[in-house]
Amino acid sequence: MKALFRKSALLPEVAAWVGLLVLMVVSLVSSYVPLGLGNGIANLAIAGVQMLVVVFVLMHLKEGGALPRLAAAAGAFWLAIFFTLTFSDFLTR
Amino acid sequence: MTDIAALPPTRAGLHGNYLSAGHTVASWLFTTDHKRIAILYIASTTLFFFIGGAAATLIRIELFTPDSGILTADGYNRVFTLHGVIMVFFFLVPVVPSTLGNFLLPLMIGARDVAFPKINLLSWYLSIAGGALALYSLLAGGIDTGWTFYTPYSSIYSNSFVTATAAGIFVAGFGSIATGLNFIVTIHTLRARGMTWFRLPLFVWSLYATSLIMLLATPVLAMTMVLIIAERVFGIGVFDPERGGDPILFQHLFWFYSHPAVYIMILPGMGIVTEIITCFARRRVFGYEFMVYALIGIAVIGFFVWGHHMFVSGQSGYASLVFSFLSFLVAVPSAIKVFNWTATLYRGEITFPAPMLYALGFVGLFTLGGLTGLFLASLPVDIHVTQTYFVVAHFHYIMVGGMVSALFGGLHFWWPKITGKLYSDSFARFAAVLMFLGFNFTFFPQFILGYLGMPRRYHAYPPEFQVWNVLSSAGAVILAAAYLMPLGYFAWSFLWGERAGSNPWDATGLEWQTASPPPEHNFEAPPQVPEVPYDYHPGRESARD
Amino acid sequence: MTDQAAIAEQFDDLAQQREATEIGIWAFLATEVLFFGALLVCYAVYRYQYPAAFLAAAREANVVFGTVNAALLLTSSMTVALAVRMGRAGQARLSGHALLATVALGLGFLVVKAFEYTGDIQDGLFPGPGFRLAPPQTQIFWSLYWIMTGVHALHLIVGIGVLLTIFVLLRRSAFDPRHNTTVEVSCLYWHFVDIVWIFLYPLLYLPGRS
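If you read the protein sequences in the order shown, they are chains X, E and C.
The opening position of the first sequence corresponds to residue 1 in the working numbering, with each subsequent residue numbered one higher.
The opening position of the second sequence corresponds to residue 1 in the working numbering, with each subsequent residue numbered one higher.
The opening position of the third sequence corresponds to residue 1 in the working numbering, with each subsequent residue numbered one higher.
Just chain X, same shape as in the assembly (with noise of 0.2 Å):
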């Protein structure tokens, strides 16, 4: 395990690691402070920051073709349209 860590090119995927620790515990630690409404936001706004690093670093889409990244922005355009269109309903009723 030694020879992992010493290649300098490791860093990468051992510092998207640190990140994605100290973010699960701050988002813990942040729900136990009463902010209301706030709660939920920093919940969620924190697990979209752990995904991004998780997507770009982890999952070297940065690295990757056109390709693969339109394919991951279709899914999240699709989720938005069902999230949107589905709100529409249940926001104005």
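Check before you lean on any hint, since a few could be wrong.
What the hints assert, rightly or not - Selected chain X positions facing chain C (in silico; Cβ < 8 Å):
1. Val33
2. Ala47
3. Ser88
Said to hold, decoys possible - Covered by chain X, according to a simulated footprint, are these stretches of chain C (three or more residues, beta-carbon under 8 Å):
4. 65-79
5. 192-198
Said to hold, decoys possible - Counterexamples of contact, computed for chain E against chain X with all Cβ distances above 10 Å:
6. Ser27
7. Thr46
8. Leu216
9. Ala319
10. Thr386
11. Ser426
Derived from the structure by calculation, the hints contain no laboratory data.
In this text, all values refer to a predicted model and were calculated from it rather than measured experimentally.
C-beta: ideal position from N, C-alpha, C; glycine also.
Start from chain X and add chains E and C according to the hints.
Leaving out everything else, chains E and C in the frame of chain X:
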């Protein structure tokens, strides 16, 4: 390299094609050749078509008389549900992509196979496993929720085989996702040299648009089925009104898939019709790029309109307004397609063999189905005709009048390529005309019935509706004859038909540049890609030998 | 091993094959996004409709187990990314070790989850007759909890099976990870399963703590 098209269709010409590559059952069941998988799909979807058709026959017999005839109210519920479930999930959704699409996509782009041949075979097994579950529930006693599975009836109260059917749809859904995935990757990566995006035949573009919907909508249906099963089996569903569950949320989930699924059921048909019309008008397609954008536009906008199925469900008025507006929007690309087909015909050297008759039938029926769709997109009219036969007639004009006509057109157009044999054109033309007449005879009266207020999904009705119902049932007899006829002359053609040669229609497109039936790896030599698709030259002497 | 043997017959060269599998897995993940997306929409709608019941219900979830599992999966995302990096560099043995570490972390997750599920059931948190929380809408939260974590756990089990298979294949030198995308593709799937938990964790364990 020898030009294969120039070779005389000798006995030796049929040697070494994909059909003769193996004659054992195993050579079919474990094949990874996209052409053989297409044949497997043709067999299985034909079976489902006739099962669904048998249910439709029972429905039309029951509705021949106003009072209860051969079916009880409960039996009628089970029969129309069976008809809907089988026809939508096991016939219309998979039929064109997995049969003609599977066969033609690699040929049309000049590839040796799809990108993931084993996954392609897996899709067929998934669709068969799903179909088997659905047929099990049919034999065990059926399901009575309607193909829409509305909760809480489906999740709590229905005393029928909902779980097995839902599991079947779940499994078959993954077959559909695998097909879509395969097509998208194949189109992206396996195009022959020179086959740029804007040289793709429009059938390929239509499969691309369809695959997009399959990939992004089907998973939502799959999860919806999981939720129903979880509620029925483990009591942990989320649609139970006693716990605060919202039946309208179920409808949002269901229609997020099922409205785009309507476009799964029509886009490939549009692609087929474009291929046929250009060939028999001997014209380059009018507005190629607009046709491409229209296909993609329909696929994307198709995701924005699902709420028009829920105008009377209790969804908010604001949401209904938004969905109504977006539904009108989807008519624009659809209209572009109809205008462009018409413009392609203009000043063409039109001939009317069977595929062309089916294709022209498609354009007419699709237009009528599309225009009545605008009635339904409009809030006040929709509230008048919701849940009536007007809706039934509308979507049958799109799905049966449109998609099934296109499927038959495509089967007739590519039959010589698939089997290497010619069929009797006069029989086929007779069947095509019969189908058009029988279809209108069956379903036009249903527009009138719906407008007069006859609700759907009832086994009995007031006597004043009888005359229209009798007309409809009589038309269904004609329609059934038109559907059965090809079984006869196709079988005859396959056994005793004349050799077709590689390009009997003198069509452009890579699939016509290889032998009929195609060799195992599609092309003997890397195919030549023409400059643009549909390079037909009206007014010049045909290149036919 | 020659390059030719590693290319399936429908492809012209390795680059084309690599591109195809890469697009394939990302398109599949887009599908998975919508698969879990349906559950997220349900969660969002009901949390919007019944905020108080959701906070009260989520307070009962076992935050210790949830947090431990989040840490396990985040760590496994690093080890699996290392497996890819090692594979690309041609270090098949190291890549295999990283895969094994990932599998171990995944199994650890499942063990913790099993303890958690047992506790939940004993605690009367399975919706139905023995359910102990008060407003009926809390049952909606707990139904979603069971379905979301259950579907996630199934994905994880599949992932463990896939990674173990690849580990065995690597040991037998059945393919060369420099030319073959099998490792990368499977690891992308694993990351996706991790991302699902990144969202499930704050949605199921953290609400109602303050």
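Verification of the supplied hints:
1. Val33: It holds, given that the least Cβ distance between X/Val33 and chain C is near 6 Å, below 8 Å.
2. Ala47: Nearest chain C Cβ about 5 Å off; hint holds.
3. Ser88: Since chain C brings no Cβ nearer than about 12 Å to X/Ser88, farther than 8 Å, the hint is violated.
4. 65-79: holds (count 7)
5. 192-198: holds (count 3)
6. Ser27: holds (35 Å)
7. Thr46: Non-interface label on E/Thr46 holds, nearest chain X Cβ at 33 Å vs cutoff 10 Å.
8. Leu216: violated (5 Å)
9. Ala319: violated (4 Å)
10. Thr386: Answer for E/Thr386: holds, closest chain X Cβ roughly 17 Å.
11. Ser426: holds (48 Å)
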